[in-house]
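All chains should be modelled from the sequences, with the hints used to inform the complete structure.
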Amino acid sequence: MASLANKPDLIVNGKRIDGRDFDELRPIKIEAGMLKNADGSAYVEWGNNKILAGVYGPKEVFPRHMADPAKAIIKCRYTMAPFSSLAEHGRTGPNRRAIEISKVTKEVFENVVMLNEFPNSEIDIFIEVLQGDGGTRAAGITAASVALANAGIYMRDLVYAVSAGRIEDKIVLDFNMIEDNYSEADMPIAVAPRNNEILLLQMDGGLTREQLKQAIGMVLEAGKKISAMQKEALNENYRKVAEQYGQK
Amino acid sequence: MREIVVPGEAVADRPVRMHNTYIDGGKTYAATVGLFDREHNEIIPLEGGWVPHIEDVVVGIVKTSKNSVYEIDLSYFKRSILIASKFERHPLKVGEAIEASIKDIEDRKTIILYRERVLNGGTMMEVKASKVPRIIGKNSTMVNQISELTGASITVGRNGIVWLRGGNVELAAEAILKIENEAHIKGLTERIRMMLEDRTRKGE
Amino acid sequence: MEAIDIIKSNYIRELLTNGVREDARGPNDFRGVSIKPGIIEHAEGSAQVDLGATKVLAGVKLVMGEPMADTPDQGTISMAAELLPLASAEYETGPPSPQSIELARVVDRGIRAGNCVDLADLLVAEGKAWSVFVDLYILNYAGNLFDASELAVMSALMNTKVPKYEDDKVVREERIKDIKLDNIVTSATFAKIGDHVLLDMNRNEENAADARLTVATDGSAVRAMQKGLSGGISVKEIDDMVGIALAKHGELKNLMEKATKRSL
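Residue numbers (numbering that gives the first Met the number 0), protein chains in the order written: chain A, 0 to 247; chain B, 0 to 203; chain C, 0 to 263.
Derived by calculation from the structure, the hints in this document are not laboratory data.
EDC-like, lysine to aspartate or glutamate: derived pairs with alpha carbons at most 16 angstroms apart:
#	chain 1	residue 1	chain 2	residue 2
1	B	LYS108	A	GLU59
2	A	LYS6	C	ASP69
3	C	LYS235	A	GLU196
4	A	LYS35	B	GLU125
5	B	LYS185	A	GLU242
6	B	LYS77	A	GLU121
7	A	LYS212	C	ASP239
8	B	LYS77	A	ASP67
9	A	LYS6	C	ASP72
10	C	LYS176	C	ASP120
11	A	LYS223	B	GLU8
Below is the structure:
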């Protein structure tokens with residue numbers, strides 16, 4: 000958390016620092032399948048976040064002794080590029096924060112990927128934050144979902160993620176970096192939209208039980224929009240070709 | 000009527016046994032990105048690698064040979080083995096292309112091949128395994144049509160490797176790429192026939 | 000998972016169909032808690048916490064350093080966890096595992112978000128401030144490292160004394176005051192096994208768990224949460240767990256205050 004001495008006014012006249020309403024998402028753009036080498040890929044622009052997700056597999060397990068004869072194993076690597084932040088030059092590769100995010104992200108996809116369809120194999124998920132501006136793990140999970148679907152890997156659901164939290168006494172959706180730095184609480188959440196099960200939940204700051212419920216409610220509402228955009232991204236490739244023939 | 004579905008999308012509000020779906024709480028949901036044909040209760044996947052099944056016809060290259068046991072490269076991560084029959088008269092040579100069928104998948108790990116046939120000469124191309132069913136077509140109508148109109152011999156492996164020889168190979172390959180790209184658009188067989196007829200008339 | 004663990008997991012599930020836990024506890028009962036503060040005299044603060052058979056030791060060292068550039072008016076706190084190879088056959092030597100990193104970061108978030116340590120009070124002069132290093136040593140793993148660790152770190156901090164700093168030197172032998180604390184945070188970790196939700200899982204319950212949720216609170220607000228494992232949790236279940244975590248705070252806080260003879 001940054002020093003409170005420089006804290007800007009995060010809410011002015013009922014609007015947020017970037018002009019959004021409390022329950023408003025940043026503009027989101029999702030594209031599927033732009034990396035030809037990967038079995039599946041997705042690119043997400045989410046506010047000023049620019050995130051690339053790539054999926055390889057099912058493929059041979061490495062090292063071999065980790066192979067599970069009953070199901071696939073998932074490996075996940077979330078990293079932020081050294082140039083991704085407005086602040087200092089970062090280091091290459093995953094730091095402790097990135098290792099934790101990789102772990103909880105992996106657990107999200109172990110839930111929805113139908114692992115027993117791919118015994119003795121490995122599925123690799125790579126999430127590269129090219130530019131980060133708050134909420135990168137949520138945007139990364141949203142992108143990785145699309146990349147997995149784009150790879151044709153059997154899944155029970157198309158997971159989305161977004162964060163909600165508190166600024167002063169207001170519950171607010173989808174923090175940008177400045178809000179993230181100075182907010183009173185932040186809570187990234189990943190959801191399986193089919194049954195609204197929570198697959199990732201992290202939080203720090205301070206929220207009462209009531210505020211927590213309100214924040215989750217806000218996430219589930221915004222999730223409908225994110226889900227629609229994910230589906231749209233997956234359809235887009237096929238639609239382009241179909242339109243050449245005047246079909247929908 | 001065909002529509003594009005994504006994982007988790009309900010395709011029936013009752014349990015229906017269908018490829019590329021799963022059943023939960025009495026309903027049927029898509030498990031992959033695909034074209035859902037409501038009339039025929041069928042999802043044709045639009046993405047995805049090959050999942051080997053017994054009796055799949057595959058195309059590969061002999062990688063190693065030892066005491067009449069061959070390892071075959073199917074461009075797939077699982078090992079595949081071909082054991083020569085007792086009556087083998089002409090042993091396979093390393094580097095040779097073959098067509099074969101899957102006899103068994105041992106321990107869900109090693110693919111065992113049989114009914115091999117050497118593919119002499121010709122060329123190979125790789126396509127998305129998810130598009131192979133469309134390239135073959137119902138009762139092989141699509142691949143037969145390409146063969147007839149181009150004069151090329153074609154073997155389509157379920158593993159996404161296609162072998163072609165003779166006739167107008169370039170045109171046949173072009174038709175296959177077109178199918179790969181347009182697999183989800185209806186009237187495909189007709190469109191491919193028109194393209195091939197059109198191009199052969201021009202004397203290509 | 001070893002074959003024996005799978006058999007034990009199935010046993011745990013079977014018992015739960017009759018609403019019974021392996022050690023006959025109620026679903027929202029902690030195992031027995033023992034807190035021994037100050038057992039490492041060389042450290043500025045320490046505490047060993049036993050939660051059932053889980054044993055965790057936290058040590059606090061204070062080092063004179065500089066404030067961070069973006070917070071020039073404060074000292075710093077940092078946390079690391081070691082899953083010692085002697086704590087369990089499955090722990091190996093080597094670089095920190097994702098599991099140990101997660102543990103340290105989740106405990107850290109609770110203490111940090113709860114503003115437990117008064118960081119401004121760690122500043123001794125311009126450009127001079129204490130850096131508080133908290134190291135968690137896992138001595139025996141028997142399930143639920145999160146709550147045992149949160150208790151150990153909080154108790155160790157309550158036990159921490161600040162050394163004398165004189166003529167640009169730290170005088171370790173002389174400890175002048177308690178470290179200034181503004182809040183006490185405890186956590187409650189739940190395992191979801193099928194449709195059952197259990198507080199403070201033992202090792203077999205943790206092996207059987209589909210999902211895990213840690214809720215750190217100061218009794219009035221939730222300060223940190225972390226969901227783990229691949230299973231899903233419903234919104235209703237989260238709300239229930241938060242309710243229990245808030246209710247359990249007082250009990251744990253009392254135990255720490257009694258043991259460390261320090262209350263807030």
